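Each chain, written out:
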Amino acid sequence: MLEAIKSYLNSAVTPGEAGSQLWAAIYIIAITLGVSLSVIAMNWLERKILAHMQIRLGPMRVGPHGLMQPFADALKLLIKEDIIPNNADKLVFWMAPVVVTMTAFTTFLVVPFGRTHAVTDMNIGVLFMLGISSLGVLGIIMAGWASNSKYPLMGSLRSSAQMVSYEIAMGLAIVCAVLMTSLQTGTGTLSMIGIVESQYAQGTWFIFKFFPLGFIAFIVFAIAMIAETNRAPFDLPEAESELVAGFHTEYSGFRWSLFFLAEYTAMLGVSSIAVTLWLGGWLRPFPNALGGPTWDLAFSLIPGLTVLAMAAGTFLGTIRMPKIVQMRAQVISLGVVAVLLALVGLFLLLPGVRGRVQDIFWFVAKVACFMYMYIWYRGTFPRYRFDQLMKVGWKVLLPIGLGVLILTAVVGMRQELLAAIVGGAR
Amino acid sequence: MSLTPLLRKVFMVDLVKGLSVTFQNQSEKERVTEQYPLERPVVFERYRGQPRLNVNPETGESLCIVCNLCALACPEQLIVVKGERNPVTKRKEVVSWTYDLSRCMFCGLCEEACSTDALELTQDYEMALYSREGMMLDQAALEHGQEPVRYAK
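If you read the protein sequences in the order shown, they are chains X and D. Under numbering that gives the first Met the number 0, think of the first position of the first sequence as 0, with each following residue one higher. Under numbering that gives the first Met the number 0, think of the first position of the second sequence as 0, with each following residue one higher.
To be clear, the hints were calculated from the coordinates, so they are not data collected in a lab. None of the values given here were measured: they were computed from a predicted structure. Where hints are given, some of them may not hold.
Claimed, not checked - In silico DSBU-like pairs for lysine-lysine, Cα to Cα no more than 35 Å straight-line:
hint: 1; chain 1: D; residue 1: Lys8; chain 2: X; residue 2: Lys394
hint: 2; chain 1: X; residue 1: Lys365; chain 2: D; residue 2: Lys81
hint: 3; chain 1: X; residue 1: Lys322; chain 2: X; residue 2: Lys75
Stated by the list, open to error - Short, incomplete list of chain D residues facing chain X, as computed with Cβ under 10 Å:
hint: 4; residue: Val12
hint: 5; residue: Gly17
hint: 6; residue: Phe22
hint: 7; residue: Asn24
hint: 8; residue: Gln25
hint: 9; residue: Ser26
hint: 10; residue: Glu27
hint: 11; residue: Arg30
hint: 12; residue: Glu33
hint: 13; residue: Pro36
hint: 14; residue: Asn85
hint: 15; residue: Val87
hint: 16; residue: Leu120
hint: 17; residue: Thr121
For every residue, glycine included, the Cβ atom is placed at its ideal position computed from N, Cα and C.
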């Protein structure tokens, strides 16, 4: 047992590659817990940021600055009555949230949080993620069909049409990135870890590769991924002003919260694809240009210092809380949060820890930017009409994706092409 | 076809503008929501709210001399003042004062009409009640303010 635990610790590959089932299981549990926790955090952040964008305060009463609000909501959802409509197809109705949640979580099998921090390195990683995450739409259609009600059915119909149209643009954008991996190094790869490593080898994130080609492909993907996860401004399947709540109208309590969990997990999943393909995955900024032990040390201090800065901000918030008797418990608990954050920050500064967590930190920071963008879009853009949605998907993103793909191939092979043309002329 | 609208569309200028607006709105200075029971709004000096009948702070006697000017000034005729001359001091003293808050539109004409500054519309804005009966204010309620309903034990 001890041997099994120790055997993996010093290896520089993922548990899947090392063949350590125990550590793979530990990683799976850790990732599941981490993703669920970040969904809870996202719930709070989304409500707060959206409120601030609308010049409101957002949740303020449950805990300091509403920090306990998601837990209160989760508790409420758990103890709510579990309703299955009379005419619903019980089995399918029961299966739908399970399918959606399972597919959303399964994608995280291949997400590399670091060179060693992934469950496994699959040689078809990107394909696996795309395939599994598009299975999620099956769950949505199941939910809409099994509810035996018109709004859910409309929602799921919209969802399937949307997925079909945007998956193509998404795929074309991904193929661009995959093409880029094969340039200069010669061998292309679909493995998530391989893609990040080829970005390191080529000395550039793919978003800056063949500027502006990589950037355009990234934009196409960024738009398509919002549509894929049914988020505003492409949230037609659950348009609350048109379809009550879309495909999960008939769901309540825990089943509904599973849909919620799946939606945010899918958002995290596609954001991780985008980060891996275009933003260098776990790589810190300038791994090649600012190399060397000094820069390594400087960059490895950033995670701890960031958390310490967050702790300082929380402490500042504690000082600025209104000083009245009714708020005393909230002030104290916010202070406790600040102290905990400071402790975490100090822990991340330890020499043994900071080298291990650095790549996780950079990956999570990049994904967090995407999550903020999701909320930002939702706070800004009005929903597209269905024909506009289709127009954007088929008439704009698809041609752009195709064009970028062809241009990437041409630019990438320019020397060989030139040689062939010159040779042909001769 | 001019090139500018096309370029605006391609570079998504309008979308970026919208994004910048929502981003700037996140600033704490923009926040307008107040956490009401904990944070109390400051009303203007000339805000007209809950009516009050002032008393002489030294003697505790009502400043009202039952001149009936406020009742005459009131466009809603919701003030009814009854008084009686005190044979000893030869002054009119209040027998009953009613102020029907449910009909009041807070125009402040009574306040202006009052010759002794006895009647005043204060800055107090918490006037919600569970019954209409509580809105008929008598002299005691007008002088000491209404007792708020307390729910805590």
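Q. Against the structure shown, which of the earlier numbered hints fail to hold, in ascending order?
A. 2, 4, 14, 15, 16, 17
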